[in-house]
Each structure stands twice: as C-alpha cells, then as structure tokens.
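Engineer: Chains as they are written, first to last, in the numbering used here: chain A, 1 to 661; chain B, 1001 to 1125.
Simulated from the structure, these hints should not be mistaken for laboratory data.
Values in this document were obtained by computation on a predicted structure and should not be read as measured data.
For glycine and all other residues, C-beta sits at the position ideal for the given N, C-alpha and C.
Heads up, a few of these hints could be off.
[As the list claims (entries may be wrong)] Cβ-to-Cβ under 7 Å is the rule here; a few derived chain B residues that face chain A:
#1 1018
#2 1031
#3 1051
[What the hints assert, rightly or not] Every beta carbon over 10 Å from chain A, so not counted as near; a handful from chain B, in silico:
#4 1088
#5 1089
#6 1091
#7 1099
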Amino acid sequence: MDFIFSQLLLWLGIVFILILPGWFFLHAVTGTLRYTLLERSLLAVPLSIVINTFLLIIMNLLHIPLTQRSIFLVVTGIILICVWIARQRTETRDDLPRHVRFTRKQIITIIVLIGFAIFIKSVYLTDTVFPTSTDLGHHMFWVQKIVTEQALPPYEKIEIITQADGHYALSEPQPIADFIIGEHTALASLSILAKQSVLSAFPTLFLFFINIVSIVAIFVLATRLFAQHKNVHLIAMSTLLLIGPLYAISGAQAKFASGGVIGNLLGNLLIPTTLYFFYRAFYERSASFLFVGILSAIGLAYTHHLSAFVLLFILLFSLVFLLLLSIGQLKSTTIRLFALFRDPFVIAILLASVVFVFSVSTPSYLNVEAVSSSVGTPEKTTRTGLTPMQLMYKTGEARFLLGLLGTALLTLIALSRYFPKKYGAFFKNARIDRYALALILGWSIALLIMSLAPALLQINIISSRIANYLAFPFAITGGFFLAWLFVSVRVKGPQTIPLYRTPYRLTFLFASILLLFTLGSGLHDNAVSLKKTPNVAPALATFEASAYLAQNLGTEEWLLKDHIYLTADTWSKIFFTRDYSYPLSRSYLKRYDKQGREQCTRVMISEPNTELAERCFDDLGVTTLMVDPREDSSQFERSEEFTKIYSHDNVAIYQRSNESL
Amino acid sequence: MIIPQKMKGLCLSHDHLLIGLIILLLVLSFGILSYVEEQQHAHMEGWSLSFADPTHREYGFTITNHSEEVNFHYEILRGNESVEIGDVSILSGTKQSIPLPFHNYFDEKVTIIVTTPTDEKYIYK
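With the rest of the complex left out, here is chain A:
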C-alpha cells in the first residue's frame, strides 16, 4: 500500500509541478487553439520546469522557506493568475494555423515507436536504477540540501589550502561553477511536495521522464518544421525512429538518465522547446511565441551552461542561414525579424531577463574566469575536435550517415532556390519554408563545426561533450532523408526521378539496405549498452556505514572517505548534508599528479603513518576514515594510532585514537 501511495504521490507531483504551470501559462500567453493537444501537453513540461526554477529563486530571495505548503500555494497562485489572464483573452479561429494530423495507422506506428523506446530504456534502467552513480550523487547532495534547509543553497565548497608555513587548513566556502540552480529546482520541488526520497529510484525516474519528453519534443518539432511538406507524417515518424528506439541507451539517452547528467538532459529538452517557439515566432510573426521562446532560453541559461552555449551558436547559425536564404528579400526579412522585438511584452521580458541575470540572481558560471576558459583557441587534445569517425560512433553510425545525407539534401534544396530554373522542378515538392530550412541547417551545421573544428569558432570546451548534442538535429535531417528515400522508392519508374535517372530496382535495393543497416546499427547499439545486473550490496553497505557515522560523528569532526574502491561513496554526502566537501575524499591516484594538487586526502589513507599524514590529520581535524578493508586496512591495523569502530566485508571505519588527537 505504501508503494502504491508513493507512486500516486509521485505522479500527482509530476502533474502539479511539471505540467499544470506550463499548461496554463501557454493558455494565458499564447492561447490554446494554436497547438495540437500533443504539442500543448508536451510543451507544458519544459515551461513548467522553467517557471518552477524562477519561482523558487524568487521565493528564496524573499526568504520564503521552501516547504510543501509554500510551494503548493505559490504554484497554485501562479496557475490561478494564468487562468485569470487566459479568461481575458479572446481567440478567434481566423488565425488558426494549420495543424498536422495523423491517421489512425500513423498514430499506432507512433505509439509503437515510443513504446519501444520506453521499453528498451526501461530494460536498461532496471539494472541501473539503484542509486550508485557518482554524478547523480553529487547533484542529489544539492537537492537534499534544498529539502533539508528549505532554501536554495549557494554553490560553494570548502577546500584544502596550503598555508605559507607549510601547514594545511580548510578554507572558507569557495564558489563553484560546476552546478546551476535549474538542475536541482524541479527535483527539489518534487521531493518536497511529493515526499520523494533522493536515495531511491526517484531521481533516475525524473531524468527518464525528461528523456522521453525530449524525444517527443523532437518529433513535435519535426512535425512543425515540415508542416508544409506533403510527406510531413513520414518525416516525423522517421525522425521518431532515429531518436526513439534506435540508439536508445548510449549517448545522451538512457545512460545519462541513470548516470545523473541532469543539466545535459534538461538542456536536450529546453533546446528544441526554445527552437520551436523561435521558429513559430518568426514564421507566424507572433510576438507571444517570441516571448515564450525568450523565457525558455533564459530558463535554459539557469539550467545548463553548455546547453545555453550551444543554443547561442544554433541561433547564430540559423540567423546566418536565414539571411542567406533571404538574399532577394533581405530588407523585408530584417524588418520582419526586428518588428517582433518592438513588441512591448518582448521588450519587457528582455529587460527583465537582463536585470535578473546581472542584478538579481546571476548564474554561478557567469564570471570572467569561467567564460574565458571556454572561449579561445583550444589547446588540449580533448578540445581540438573529434575526428569524423569518432563523431560517427558518438552519434550512432546510421544516424550520423543519414543525418549527414539529410543535411546535404536540405542544403541542395536551399541552393535550388538560387537556381530555380535548373533545380526547381526536382525540388518542387520540397515545400519547406525558409525559416524551417534555416533552423535545421543552422542547428546541424553549427554542431558539426563545433564538434569537428571548434577552433574555427574559438570554442575551448571538451569536444565529446558538444558532440552529444548532434544526435537531435541529425535525427530530424536523417528522418527527412529516410522519408525522401521511401517516397522515391514508392513512386516507380525512371520518369519520376529525372535528376539521377537511377533504375527503380537499384533505388529500392539501396533503400532496403540502408533501412536494414539503420535498424541493425541502432538495435545493436542498444544490445551492447545493456549491463549485467549489478550487485548493489556494496552500495548498501556504504549507505549503512554512512548512516552510522551520521549518527555518531560530532559536528566538528571531519571524515575522509575513499572514492577509489568504495561503491556509491558520493551518496554518503546525503547522510550528512553539511558542506559539499564533506566528507573529504581520496580521489583516483592519477589525479594527484597534477601540479599544486593537495596530497592530504591521498596520504591520510594511503600512508597514514607518515609525517605528512600526521600533519594533515592535525591541521584539518580529520578524525575518521571510511575505506574498503579489502584494499585499505593493513596500514591502519598495524598502527597504534587508530581504532577500528566499524567492520563489514565492504566497509571499515577507522578513527584516530584519543591519544593521537
């Protein structure tokens, strides 16, 4: 019964925090008739996440404790305000855009594709849902801190510093730029409101939900971008095939959900959401869509710095392509673009964003040091770009190939506008408006250049991280290419494909091989990504030992744990919820080779009886050590300086004896 109640609470929380605010916000700002039900349901989720982030920031600034009651009341208030605003609107059917509708068979196909994607990801997650991931553990510390302290935390940590006299000390908390508030607000709200423990499947389920919504977002975006194309249904379903069940685990998919790469997953949802609104804003000349698009973009800036950085380049490239595609009508295009920015609500949100970002609550990564380290000529080999082969394996072989072919085909379609007499007939059915074309090409080509040749754009970021973003635009361009191929094959006879005059049978053979390769590659990738069922017992032992220490350690005592051999050790932070650095941690030994790196955390475990270790113990106030006894025990047990207070096969806890303190 407890289990069912917990599930019910979780879903009520998801509806209340992750759907209703965005749903009513859309109603208030843009109306409802301009979306299909699927679009509105989908877009409600990222907008709810953004709204929740800003709500919590504002509540924190007003010193309102983040409790179940306060969050419930504030969110309810926002919903009611949106309902009131919506009632003042009048929508007419005169300006109703054309919606793409799917037949029953197509809906069944879509359900099968999404269902298959959910199934494959679920199979993978059954072996990884137990909380052990290091990254997820770091993030859940901050979520737990919000839940425990009922306030948004400053992102800072204590560090070990070497003083001038050679002694060591613990610094005052120093700001860290690794975390951004938007990564934790939705989880914190759900944890507080729906009473979900972070030490459970809850965080992974949240990320899984975000991943599925992202997939549907790409499908919806493809539908909207190709709405004028007569084969839009096939394009959208092909896109869904490439982003859903194929390559469903590796890359920024299910692996990121269990691995706790929160910012990237939220970014993968907010990027297509922002692009959706920007596209509709400029294509339909709608200031209200632009308003929402800007809000979504600012929300992204408060959620994940790398995704925001990538979005910036996508928009820049898209703008360039739009201007190139509008050569004959530059003036009118420019006027049309700028006209939207003169809308009072758009001006208001731009001004409010500037004030908010620079005066009210500046994202932790927006400082000169962090920005300057990301911009410039890359020097490290991990930042100079991937090779095409590396990028292909990162994106998925078939998806990369199809995406590339699709991008090439769309480029030809774009070029055909300059040579209408020669190529216009061939591409006459390729009805894609220039805004959609500019966006798709800008998105794909921006990420290709950022991944392969970042130096051209003066980007100094780990290239493999940027390459994770390519899968999404390539799913769209690849879906376009697949659809184009299927249609070419369906229409028999050489007279219908005049340009290359390829015999029908050869085209059919090529298409069949390509489809088999695509399916085989994607499904094989899923198969090799599946893990063996893990043994969670070592993680449970770590949790039990951490709970013991949380009960018995004094607030002035510092704990040092091992990260090399202990399982799920990062999650021990959650039992204490003190500083981000508590407990201190012995990292992987190769990290201590770095110039200037402190050695205390290494020697206190590896060589506890040396003079350096003694000095570290005394200076830092470390009294207790948590280690894996199979790897680290003899150095403590042969010493008179240590007592052993806890013993399990996987975890041992040693303390400096009172005579040593």
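With the hints as your guide, set chain B onto chain A.
Structural biologist: Just chain B now, with coordinates in the frame of chain A:
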C-alpha cells in the same frame, strides 16, 4: 496543409489516444522500476560489527545482520586477556546491541571479536 475531410472527425481522439498511451506506458515503467529498486534495498549482504558509542570509553557493540547466519559468538579482550565471552542469536534483517558493564580501560586496548561458523570480524579501541 489542408486537413482532409475524412480525418477531421478523428482529430481530437487521436491526440488523446497518443497522450493517454504514453502516460500509461510511463506509469507502468515507473512502477516497475520503483519496485525493482525497492526490492534491491533488501539485497544487503553480510553482517556488520560496530561500537554503539565510538568516541567515549564505552564498549557496548552492535551486530547488524543481513546474512544467513543466526548464531554469533563474541569474545572481549582486554589487551591479550579474555574478559568475557558470550553467544547471541540475531535473525537476518535485524540488529542487536550488547551493552558491556565495564568501561574506562584507560591503559589497555579493548578488542571485540565476533565469529560465526564462516566468518570473523573485530573492532577495537
């Protein structure tokens, strides 16, 4: 794109169907994954031995049992001298604390050794 006449009457229900089935699949998936994770919490293995109060000169200890063993034998050493022995039965999934009446052995190391037919653990201070 003009909506064909034959599809108009079916439009609303298709979106509802799609959304409803996605939600149903997610609810099922979430339920299964949550259940699996909850069951994994019961996979704790082995048994642990710890001091009830690690910081003071109290020697009471706790055995937390997640193994198949039930019978535990303990021996208290003061220095090298055995000062107490005993046996205790602890069911799997439970723990038991054994308080010891003596304390403040300032001059000697006290070791608690607990054994089962297949395993031995010790703590000391």
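Engineer: Confirm or reject each hint.
Structural biologist: Hint check:
1. A hinted interface residue such as residue 1018 of chain B counts as satisfied when its beta carbon comes closer than 7 Å to some beta carbon of chain A; here the least separation is about 6 Å, so the hint holds.
2. Checking residue 1031 of chain B against chain A by beta carbon gives a least distance of about 6 Å; that is within 7 Å, so the hint holds.
3. Against a cut-off of 7 Å between C-beta atoms, the interface hint on residue 1051 of chain B holds, since the closest Cβ of chain A lies about 5 Å away.
4. Separation of residue 1088 of chain B from chain A is adequate, the least Cβ-Cβ distance of about 16 Å exceeding the 10 Å criterion.
5. Distance check on residue 1089 of chain B: its Cβ is at least 20 Å (rounded) from any Cβ of chain A, clearing the 10 Å threshold; non-interface status holds.
6. Distance to chain A confirms residue 1091 of chain B as a non-interface residue, since its nearest Cβ pair spans about 17 Å, more than 10 Å.
7. Taking the minimum C-beta to C-beta distance to chain A, about 16 Å, the non-interface status of residue 1099 of chain B holds against the 10 Å cut.
In the structure shown, no violation is registered for any of the earlier numbered hints.
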